[in-house]
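Residue numbers (my numbering), protein chains in the order written: chain A, 5 to 174; chain B, 6 to 182.
A couple of the hints might just be wrong.
Derived pair list, reagent style PhoX-like, types lysine-lysine, alpha-carbon separation capped at 20 Å [stated by the list, open to error]:
| id | chain 1 | residue 1 | chain 2 | residue 2 |
| --- | --- | --- | --- | --- |
| 1 | B | K158 | A | K165 |
| 2 | A | K74 | B | K85 |
| 3 | B | K69 | B | K11 |
Which chain A residues stay away from chain B? Per the calculated CB distances, all over 12 Å, these [unchecked claim]:
| id | residue |
| --- | --- |
| 4 | V35 |
| 5 | Q85 |
| 6 | W94 |
| 7 | S100 |
Computed beta-carbon distance windows for the label pairs [claimed, not checked]:
| id | chain 1 | residue 1 | chain 2 | residue 2 | range |
| --- | --- | --- | --- | --- | --- |
| 8 | A | S50 | B | L152 | 32 to 38 Å |
| 9 | B | L56 | A | G153 | 49 to 55 Å |
| 10 | B | I129 | A | S113 | 26 to 32 Å |
What the hints contain is simulated information worked out from the structure, not anything from laboratory work. Note that the Cβ used here is the ideal one computed from N, Cα and C, for glycine as well.
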Amino acid sequence: MQSKDSWLLHKWFNDQRILENLGAEHIWFCVSMDREFQTVDEMLTSRTRRYFIIQLLEDSKDMGLIGLDKIDHRNASAELQIVIGEVDCWGKGFGSEAIKVLLDHAFVSMNLHRVWLRVADYNDRAISCYENCGFHLEGRLRHDHFHKGAFKDALIMSILKEEYRGCSDA
Amino acid sequence: MLEGRKVRLRAIERVDLPSFVKWINDPEVTQFLELNPPMSMEDEEKWFASLQKSDDKVFSIDTKDGKLIGNVGLMRLNWKDRCVLIGIMIGEKEYWNRGFGTDAIETLLGYLFDELGLNRVYLIADERNVGAIHCYEKLGLKKEGLLRQNRYKNGVYTNDVEMSLLRQDWQEKRSGS
């Protein structure tokens, strides 16, 4: 990811269809371009964050954002974040493929031990995608966020290095 | 604070610096070490300030009755490769050859392997420093290579020995003892 990709993030995070299922991570909600540039600058300079743009191989179309956040170097763990920002790319398995590529980077190149994520418990499509990638459910954050007039739960899922091989063979 | 059998390792504090300067300026203490005296109190204060902003970490070595006898440090900590370079100085000469340094290193190794989860701990010793090398071997470190004429000190180039202990060595050693 580079600074110029701020335009993509600005577009995706101002699209209600994208935000709908993200579990009210509203730090990204309807931000101005200036603010988006600042956010991206922080993402690019931080030692505890590492983000990539997901591109389609055949035409290099930018379709989404994926990365590791809250990288804990001592304990070798990080949080996975992913957004497929182009709605016409949904439901085609691109997210799963991107996650597998990122997990390979996390475990094989970065020598991490644990990758975890937080997902809204009503985001069924995402949850089944994560299960397909080898993530295990490990907990429920009760009333984690407020969405559509009520407090909603979020789930925490994770995959460990020793579990990861099974996923790449699948 | 890390408790060993004969020593404890604690955070270094500014009040320790005069002792460090005294040791570094004693040629007998630093004859085999990678330190280049003379060093002033001001040099040492600058080093102490730079340490606060760095991933390098130095512990003061105290005897159990609270006497400061040396220090031991971590350099080039690499989380991805999970390895670190260590170095030690016992500055109070009456504590030489009595197992204080060995205990300080063993205590540090426990922290590095069991708390920080590192995979490889290595050090570089002057080839002529046979006492130290013997102590490292007792702890299970293995010689892995000779760095020919790695250092220039007191008018001559000297060879260094690189030694290391792996996580698997540490676990074997502990399950054996």
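Cross-check of the supplied hints:
no. : hint                        : result
1   : B:K158 - A:K165             : violated, 46 Å
2   : A:K74 - B:K85               : holds, 15 Å
3   : B:K69 - B:K11               : holds, 6 Å
4   : V35                         : holds, 32 Å
5   : Q85                         : holds, 20 Å
6   : W94                         : holds, 34 Å
7   : S100                        : holds, 26 Å
8   : A:S50 - B:L152: 32 to 38 Å  : holds, 36 Å
9   : B:L56 - A:G153: 49 to 55 Å  : holds, 53 Å
10  : B:I129 - A:S113: 26 to 32 Å : holds, 28 Å
The structure is inconsistent with hint 1 alone, although it conforms to all the rest.
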